[in-house]
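Using the hints provided, position chain B relative to the given structure of chain A.
Which chain is which? The protein sequence lines are A and B, in order. Under numbering that gives the first Met the number 0, the first residue of the first sequence is numbered 0, with each subsequent residue one higher. Under numbering that gives the first Met the number 0, the first residue of the second sequence is numbered 0, with each subsequent residue one higher.
I should point out that these hints are in silico values taken from the structure, not numbers from a laboratory. Accuracy of the hints is not assured; some may be wrong.
[Unchecked claim] Estimated spans, in silico, between C-beta atoms of each pair:
1) Ser218/A with Met0/B: 46 to 56 Å
2) Val59/A with Ala144/B: 16 to 26 Å
3) Asp194/B with Asp24/A: 56 to 66 Å
4) Gly290/A with Asp24/B: 51 to 61 Å
5) Asp318/B with Gly292/A: 47 to 57 Å
From a predicted model like this one, the values you see are computed outputs, not experimental measurements. Just so it is clear, CB atoms sit at the ideal spot from N, CA and C, and this is done for glycine as well.
Number of protein chains: 2
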Amino acid sequence: MREVHVELGDRAYRVVVTRGFEGLDDALAEVTGGRPPVVVSDDNVAPLYLSAVRQAVGEVHQEIVLPAGEAHKGWAALQQIVDGCLRAGVDRRSTVLALGGGVVGDVAGLAAALVLRGIRVVQVPTTLLAMVDSSVGGKTAINHAVGKNLVGAFHQPSLVWANLDTLHTLEPIERVAGMGEVVKTALVGDVELLDVLEGDRVEARLDEVVARCVATKASVVARDEREGGIRAWLNAGHTVAHGLETALGHGRMPHGVAVAHGLVAETRWAAAEGLCTDPGLPARLDALVRGLGVPQVPADLDHSAAVAAMHLDKKALDDMMVLPVVERAGQMRLCRLPKERLPELLDHLPS
Amino acid sequence: MREVHVELGDRAYRVVVTRGFEGLDDALAEVTGGRPPVVVSDDNVAPLYLSAVRQAVGEVHQEIVLPAGEAHKGWAALQQIVDGCLRAGVDRRSTVLALGGGVVGDVAGLAAALVLRGIRVVQVPTTLLAMVDSSVGGKTAINHAVGKNLVGAFHQPSLVWANLDTLHTLEPIERVAGMGEVVKTALVGDVELLDVLEGDRVEARLDEVVARCVATKASVVARDEREGGIRAWLNAGHTVAHGLETALGHGRMPHGVAVAHGLVAETRWAAAEGLCTDPGLPARLDALVRGLGVPQVPADLDHSAAVAAMHLDKKALDDMMVLPVVERAGQMRLCRLPKERLPELLDHLPS
Chain A
0 MREVHVELGD
10 RAYRVVVTRG
20 FEGLDDALAE
30 VTGGRPPVVV
40 SDDNVAPLYL
50 SAVRQAVGEV
60 HQEIVLPAGE
70 AHKGWAALQQ
80 IVDGCLRAGV
90 DRRSTVLALG
100 GGVVGDVAGL
110 AAALVLRGIR
120 VVQVPTTLLA
130 MVDSSVGGKT
140 AINHAVGKNL
150 VGAFHQPSLV
160 WANLDTLHTL
170 EPIERVAGMG
180 EVVKTALVGD
190 VELLDVLEGD
200 RVEARLDEVV
210 ARCVATKASV
220 VARDEREGGI
230 RAWLNAGHTV
240 AHGLETALGH
250 GRMPHGVAVA
260 HGLVAETRWA
270 AAEGLCTDPG
280 LPARLDALVR
290 GLGVPQVPAD
300 LDHSAAVAAM
310 HLDKKALDDM
320 MVLPVVERAG
330 QMRLCRLPKE
340 RLPELLDHLP
350 S
Chain B
0 MREVHVELGD
10 RAYRVVVTRG
20 FEGLDDALAE
30 VTGGRPPVVV
40 SDDNVAPLYL
50 SAVRQAVGEV
60 HQEIVLPAGE
70 AHKGWAALQQ
80 IVDGCLRAGV
90 DRRSTVLALG
100 GGVVGDVAGL
110 AAALVLRGIR
120 VVQVPTTLLA
130 MVDSSVGGKT
140 AINHAVGKNL
150 VGAFHQPSLV
160 WANLDTLHTL
170 EPIERVAGMG
180 EVVKTALVGD
190 VELLDVLEGD
200 RVEARLDEVV
210 ARCVATKASV
220 VARDEREGGI
230 RAWLNAGHTV
240 AHGLETALGH
250 GRMPHGVAVA
260 HGLVAETRWA
270 AAEGLCTDPG
280 LPARLDALVR
290 GLGVPQVPAD
300 LDHSAAVAAM
310 HLDKKALDDM
320 MVLPVVERAG
330 QMRLCRLPKE
340 RLPELLDHLP
350 S
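Next comes chain A alone, as it looks inside the complex (with noise of 0.2 Å):
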């Protein structure tokens, strides 16, 4: 077991990075005071492990299904959810326990931050990407047909629950995803880490993987809770990433793997603008990225309407891209970028 402390006065809070649910009774109790969670999930991941966590807990107050899948990231499941929790009279004392990956916690944490203007919500991420990056840091949203994630709120966890052993029935290409996540948080963050990941005993260090990542967004989001400087940092990769997502409609890329070629994409595009100090980091992350297994970006995708996407960026101001470049590995700039050259980042993309 490995413990992580995210220090945000009195908003801290621990991140458990484990194997099993043995303990989570405990850490739940800690926050909780005692009062049975409200155990949110999705349809794909509540036949697999809801019936551990209720085991593990003891007391469920009660349990919300969703529809699994990024297309049910709405109006509808974050209703569904704030419904349920009124309906079974929970006060402001009350926990959400979100079970499931980013789109599950994501929700699950918004419903948490409106429901009585915020109770406590409890994360137990089940994907690698959720557990490296969405579960910690308290951004919540739900997706908007202009775009994804453009409808949230800041509400920080009162604890996470990482059990790796929920990664064993991932899809592969889920796993794939996580890992770009992964790789750019090593990659803004952690250089070490970026040598792990080269190595070749990645699964057998894996705890150690997502407690680093842990740590590094930890450390982040403590010096930059709402993302007014250096936690913009962890975008990297995202501009482009928003793009291929959009433009390939929601689902057909996962989130992780539309990161790792935006990485590419973007510090290729550093690199050929000379912000880029390290000549050999594009090379290093395009053969770093392959050797995930990361599909290729499809051959029919449409740059105009991936530009298009883009531009509608939450990160965009008047007419003009906040993106974070790459200087050398752990060490980025914000930089403004007119979105009209924007296009330029695609032409990196890996072919």
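Okay, now just chain B, sitting in the frame of chain A:
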């Protein structure tokens, strides 16, 4: 023109109590940096004041007009604003200007809290109740079938502009309702204002009355933004009010009218319990409320429905209600009342 500052560190803002919209352009520009706001109003208020606001602020990014009324304070209105903002291409520096009463302010404030995880909101209240209470303090919400304001967020405005001239078009009952919250605010935190309200020059001193209420609320909010303690004092009268409004059906009794009745009932109860140390206070409040022209509680009030609604109040914790109890004018304390004793409060309603 009177100004009150709400001292909340980097979220501090000012409340301007004035007549007219003159100066709104400059005050708004300080907040927005000159970016045209998205204006949200409803179909009662828009025909009266939208063109005046448009003229005052120069340019408007987008106008969104909601159906008027408490019955529309729900998901549909929230989504209408969120959609309108996102389709209009807002970015993180955009501002929503909420023009209307408490419903518009609450829903537009919540939408602003959620769009891109939070953009600015400027409140331009056009009812007495919104001016003295709901526009200041950052509570935003929509209603839910289970109860009022159960889904929301804390999201402070960046500016509040209370134009007293807009009160000329207010329905008389809405003005009476606003006075219910004025009496509450005086009782809780401004004993001198109670004297003013008992005098015969209330109408002529309305700017002072509004500014004093805002100052009291601002002071309480600055000390307890998220209602961990003293802010709960402002819920005086609201436990009974909540039961009345829900049992009668939302919209049949204006919120401020219900609060006025709630104040009298809760103060009478406190006196009967020996918790209120000023034996003359219940009669004093009763006379003040009657003098406002508050309509009587309907004879067909379903007491058991009111009690059931009170059980589901946000202020409930397990089997206890956290009740702000009047010790004397200007001095409250929070008590825990077992839920089974809630009917006692209703027994003290004025007949």
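Distance restraint evaluation - Asp194/B, Asp24/A, Cβ atoms, bounds 56 to 66 Å:
holds, 57 Å
Has the hinted range 46 to 56 Å been met by the Cβ atoms of Ser218/A and Met0/B?
holds, 47 Å
Using the Cβ atoms, figure out if Val59/A sits within 16 to 26 Å of Ala144/B.
holds, 23 Å
Using the C-beta atoms of Asp318/B and Gly292/A, is the stated range 47 to 57 Å upheld?
holds, 55 Å
Can you tell me whether the CB distance of Gly290/A to Asp24/B sits inside 51 to 61 Å?
holds, 58 Å
This entry satisfies every hint, going by the numbered hints stated previously.
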